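**Student:** Okay, here's what each chain looks like letter by letter:
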Amino acid sequence: MRKRFTRLAFDADHLLFGVARTPLKRRNVIIGGGAVLPEIKFTLPPTNIEESAPGEIESVYAEIVTAVCERAVHLHQSSLVVEFELLPPMTLDPAMGEAITALLAGKLEEFRNSHGLQSLLRITPVDIREQYKPPLRRSGREMELLFESFRRCAAAGADLLSIESTGGKEVTDPSIMAADLRGILFGTAVLGCADMEYMWEAIVGIADESGTIAAGDTACGIGNTAMVLADQGYIPKVFAAVVRAITAVRSLVAYEIGAVGPGKDCGYENAILKAITGLPMSMEGKSAACAHLSPVGNIAGCYADLWSNESVQNVKLLSGMAPVISMEQLIYDCRLMNTSARNGESLRLRNWFAESDARLDPQAFILSPDVVVELGRVIVAESNDYQRGVAVGRKSVEILHQAFSQGELQLTDREQQWLERIGETASELPSDPNLFVDEEKVRWREHVKYAEYGMVDVPAETN
Amino acid sequence: MRKRFTRLAFDADHLLFGVARTPLKRRNVIIGGGAVLPEIKFTLPPTNIEESAPGEIESVYAEIVTAVCERAVHLHQSSLVVEFELLPPMTLDPAMGEAITALLAGKLEEFRNSHGLQSLLRITPVDIREQYKPPLRRSGREMELLFESFRRCAAAGADLLSIESTGGKEVTDPSIMAADLRGILFGTAVLGCADMEYMWEAIVGIADESGTIAAGDTACGIGNTAMVLADQGYIPKVFAAVVRAITAVRSLVAYEIGAVGPGKDCGYENAILKAITGLPMSMEGKSAACAHLSPVGNIAGCYADLWSNESVQNVKLLSGMAPVISMEQLIYDCRLMNTSARNGESLRLRNWFAESDARLDPQAFILSPDVVVELGRVIVAESNDYQRGVAVGRKSVEILHQAFSQGELQLTDREQQWLERIGETASELPSDPNLFVDEEKVRWREHVKYAEYGMVDVPAETN
Amino acid sequence: MERYEEIAEHVQNGYSEKARKAVEAALSEGCSPERILKEGLIAGMDVVAAKFKSGQMFLPEVLAVAGAMKAGMELVKPLLVAAKHQSLGKVVLGTVRGDMHDIGKNLVAIMLQGAGFDVVDLGTDVRVEKFLEAVEREHPDVVGMSALLTTTMVHMKTVIEALKQRELRTRVKVIIGGAPISRNFATEIGADGYARDAATAVDLVKELMNHAQQQ
Amino acid sequence: MERYEEIAEHVQNGYSEKARKAVEAALSEGCSPERILKEGLIAGMDVVAAKFKSGQMFLPEVLAVAGAMKAGMELVKPLLVAAKHQSLGKVVLGTVRGDMHDIGKNLVAIMLQGAGFDVVDLGTDVRVEKFLEAVEREHPDVVGMSALLTTTMVHMKTVIEALKQRELRTRVKVIIGGAPISRNFATEIGADGYARDAATAVDLVKELMNHAQQQ
Ligand code: B12
Ligand code: B12
Ligand code: SF4
Ligand code: SF4
Ligand SMILES: [Zn+2]
Ligand SMILES: [Zn+2]
Ligand SMILES: [Zn+2]
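Residue numbers (the working numbering), protein chains in the order written: chain A, 50 to 512; chain B, 50 to 512; chain C, 40 to 254; chain D, 40 to 254.
Next comes chain A alone, as it looks inside the complex (with noise of 0.2 Å):
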């Protein structure tokens, strides 16, 4: 049963990074309990999976996780999460992915007898119900499959459970290119709300059957592949900020079913979250780069219980192996903010890191604490979702517009008039949910099998 947050967790002054309300505690790893961990992640150098010898695989991933467990015991780190994202093909043949998490777990125990090294492991299935066009997202064979990833990797060791679920994503994908905000909407608010909770119930079941922890979701497949299209000058800023906004409304649904948290790194809605939920979130930032380009490299720290380095191939680099050069970034930056944590002055750094990135791109200032606070609020001040959507869309395409304004936000000319379009467009959405999903229904009926969201089909052929 969904429940709805309905007030914030945090007022700006204290959404810290290291400091949740609800800190997550297991074995002996605590997260948002004051210090900010280490969230490392790898994956595989260009490899043929379904050619390569048996075993070979798994002899890279524990090779990697040797590495970086090594890496961390010599620079004292003391605990810290390893995520291990499924490819398609581990995901797709459930044992695999099993047998991958079996071996992780296996190595992190080895480190936790041997040097006292304290960890958790997040596993992440990849949401493999794209196969058709449209998805299949309830009836096909891949949820089945799916489910079984979740459960194996969970009954193989797994201590966090976690997806990038893509429900709306066939609807997003074009309405970001075409920078549609009627259709983001639609993707995110609706069809991916609707997608959520169907598949956070069933995760936080199996969580709660195998005694592991439902984490969080990311809507990362929208916002990121807005950001990642922004940072190309293919769309414009500010519509990727807006699209990051609504992107909360898709998240949130997991926290409001009954995930814990940590949030995954991907997802910078997280901010957003933080303050609505209380709950330890993951980030990621200037220490990921390797994974993403981002114009939030440091104002991303300021809500991290976990800092993560999102990804990085298993390649050599002149020191050495790149995730073990991740490891040791990932702790430098680890080890300034639980400095400053424990002088006290986390909020102080916090606002450096905010203020460094805030004035330079609408994506940065949009993850302000004192924005991340006021998009919160219009949140959780509606109970429906794309209600939610319209008001922190228009919440946000208004604070970017007052920042502009009052110079502390630089936006080119173009940038601006699109801030000028995106809120027309914004100013002229229905206020009544029907009449707006009746519409959109109809406009994405050929790309969409609303079945699959527990939604009435439109007939294809009405027109």
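Hint data in this document are derived by calculation from the structure and do not stem from the laboratory. Please note that the accuracy of each hint is not assured.
To be verified - DEER-style ranges, computed between Cβ atoms:
1. 102(A) <-> 176(C): 29 to 39 Å
2. 102(A) <-> 102(B): 27 to 37 Å
3. 203(D) <-> 52(B): 53 to 63 Å
4. 118(C) <-> 99(A): 20 to 30 Å
5. 52(C) <-> 155(B): 49 to 59 Å
6. 203(C) <-> 102(A): 20 to 30 Å
7. 249(C) <-> 226(D): 36 to 46 Å
Keep in mind the model is a prediction, meaning the values are calculated, not measured. All residues carry an ideal CB built from backbone N, CA and C; glycine is no exception.
Got chain A sorted already, so can you dock chains B, C and D with the ligands onto it with the hints?
**Tutor:** For chains B, C and D with the ligands alone, coordinates are given in the frame of chain A:
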């Protein structure tokens, strides 16, 4: 002519990142004038230089410098320094180094004109005087080629001239492996300093003639070799820490001859040199982990006027090419430092940097602001290089000893034993330089051609 | 002359309705479909493509332009086919097996179409067989493969090897792209080219077509 | 029995003088040089190597041990040669052309010698010819190459190719190492093995020797 620094330029409270007593101004770039700038460096991926098609190497360098400048523009960075560290074939063939320098200078000029991106180009030929055993430091053809390389690069558009000179290395290499303090002193403070005088007279001359800047040297061939070996567990960390302190005596010579900074990134002894000389320094730490893993990822930032990635291969990671990723990370690091400075709080951030690393490793502890100033003080109190080396070596042992007894520094039992041992050797060193030199000259006569250091040779037969 | 410019302008502005009407008018005035295509529609798109490439225009704007171009094309195309007009060239595109990332590939398709190429998009998760069939069926000038995962990029080589084995490799140029792909990788697996973005992909295809024609 | 243990202990402690004296005594008591070598000198070194590998000992300590071992060896070796004793195997080592980094390679040499292998060190900046000559002259079991620069590691492949061409490749195992080297690279260029540090290098050489003997 060599002058001698006899007092410190900074006390501990004024020794801050971004601030030099004598900032360097050239083109529209100011180094040490209040803000920290990124210094970016890159190298070829696995490549056979000799067999590559004409123009191929150049096109890779062009591609890299364009990509990093684009990223800098994208992130609103207004100034930066690019370092071109020549590889051996590019120094042995000065025309090749010249061509790449011209190309890089040209690209930087383009970005200056098209995007207003201000920049300086540092060139660092390789010290190629190692082709023979014992090396010919003055009489070989390589010395000529090296100076020619400097001259041609200077004419081709370089702004800053640097080198990582290796004089004395024929003694320090085996001494590091054997943790032989006397050998370190002989190779660093005696041979190294003699070679520095010779080398930097020439480089300052070339800079003056060509209107470029004699920037600085590093004893990283000694200090970083020890650091890397300590990191791999081969030699005690306390030994590497003492070696680091001693290298300051060697690198200081460049500034006593007339170099004006920015000191070269990989010389962590730059911390001490900044306290002594007040000149701007380049430093590297966590965002140079791609090149050197290290125990000083944050604390090195305390002294940075330039903040460097040391070097990274041009290989593709998930988000883009590795040099672009480095560029982004450096920019975010600089933003944070500069934000604290804008708020008049650089001292606080500097102290956090220091506090976050110092107690965990003697090599970090030795770079604490208070320690750095103390070490600088004992150096400038002496006017003979050997005596400076003895003083700073003894002082560093004393400081580490005290820090450990007061619980400010963690050391394993084995490290403690070694610290005692090094302390004993240090206390037994003769105070008379001539006595010491005579003894060591005999010991190392198979390894060194003393005439190459302007010293009287010891005939190999005498036994 | 004026007509062509008018068409080009409507295309540039992304006005579909106006573009369609102007093409209609031009045809009724007896303008040649070839010239309408080249001096009107493509000329308009060329300006936009250049602006897009230099970062002065956003994709949603380009999509509107592509819409206007399409509106005009729909009228002109049947006439061109009748006159056995040849397009600039034909490109088969697909994201390789196991990979569902398609935004990058879609962008490449849009830009190529805008530049006047025929594009056959095989979609995502495209297996070797499908690439081979498409080459046999469509007789493209160029095959373009996209991959975003380090574990799927390796399939590009498989496709190239299979093309060789079926003796189709010499018939087509092969180009590749996607975030993990580098120029080095392209050379290594024997592709004819790599482009880092959609605008460059168009230049690359043009260059390869020129080469091919010169031979 | 006691004698051998005594020797081993002096070696472990790095006492050159004591080790030498104990070996002298053992020989005069009629102990066999083979057993002095294996149960005394090498046994002592083995303990040290294991400690070093597990990070319980520093290199300067190992160097002292190596010195003690050498002191004993100098007495034993002539007798062994006389008895046509064979060493565990012979390894030719060198840093490749254009590369002056030798610390890593020197460490490998020290550890191999300590483990009882004969090592011929060709130094730094070793050209292809020199590697080939050394193989022909020394008949080593293993050739080890070291490279620290991304622009010199490529020469490793050249050496392997040249060995093939001279039909020397099957006679020796080739191993490589150095900071930029990875297991992948070793496989790619057709080396027989890669080791990430000196201790592992010893294990690797032992393993390759075992394999070779089994064949
Ligand atoms: C958006 C995105 C997604 C979206 C995809 C939406 C879609 N319809 O495509 C979603 C959310 C579905 C997704 C899913 C996954 N993703 Co994803 N994704 C991305 C992201 C953020 C951006 C990709 C993108 O669209 N870029 C924008 C376009 C315009 O750029 P582009 O693709 O590079 O294309 C340009 C050029 O490369 C070139 N080009 C492209 N193709 C071609 C072809 C030719 C012939 C030519 C000439 C040129 C060319 O031109 C294009 C236009 O300029 C990247 C991160 C990144 N930095 O790239 C990760 C990334 C590719 N994904 C990654 C991962 C791990 C996944 C998942 C496995 C995650 C998971 N565990 O669930 C799944 C796998 C799904 C699958 N089976 O394929 C990793 C890959 C890591 C690895 N091992 O290789 C990345 C690198 C993220 C990261 N940093 O970890 N992802
Ligand atoms: C010390 C050092 C130097 C010293 C070398 C001293 C010496 N006598 O060797 C000096 C100062 C002279 C030097 C010079 C240069 N260096 Co240098 N150097 C280093 C440094 C810091 C450490 C290397 C080292 O000794 N490590 C310690 C040993 C124990 O480790 P190792 O070599 O990896 O060896 C171990 C294993 O790899 C393995 N192993 C090694 N060899 C073999 C062989 C076999 C068969 C096996 C099985 C195993 C094996 O076992 C060893 C022991 O455990 C590295 C940085 C780094 N992170 O590695 C840079 C580094 C290698 N140098 C670099 C550069 C650029 C240079 C110069 C060009 C600098 C300049 N512009 O002047 C010159 C080039 C000189 C030349 N012609 O070769 C770059 C290379 C970049 C690139 N393009 O590839 C590096 C990576 C530094 C950096 N981050 O940029 N360098
Ligand atoms: S955007 Fe970054 S994080 Fe999200 S799915 Fe794609 S890759 Fe994973
Ligand atoms: S230690 Fe690091 S920096 Fe110094 S020469 Fe070697 S490589 Fe260049
Ligand atoms: Zn992610
Ligand atoms: Zn250096
Ligand atoms: Zn350097």
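**Student:** Are the hints correct? Go through all of them and say.
**Tutor:** Cross-check of the supplied hints:
For the pair residue 102(A) and residue 176(C), the supplied restraint of 29 to 39 Å holds, since their beta-carbon distance comes to about 36 Å. At roughly 36 Å, the beta carbons of residue 102(A) and residue 102(B) sit within the given window of 27 to 37 Å. Between residue 203(D) and residue 52(B) the C-beta distance comes to about 60 Å, which sits within the given range of 53 to 63 Å. Look at residue 118(C) against residue 99(A): about 48 Å separates their beta carbons, and that is not inside 20 to 30 Å.
The supplied range of 49 to 59 Å is broken by residue 52(C) and residue 155(B), whose beta-carbon atoms lie about 39 Å from each other. Residue 203(C) and residue 102(A) have their C-beta atoms about 25 Å apart, which keeps the hinted 20 to 30 Å range intact. With their beta carbons about 39 Å apart, residue 249(C) and residue 226(D) fall inside the hinted range of 36 to 46 Å.
Violated hints, listed in ascending order, are 4, 5; each of the other numbered hints is respected by the structure.
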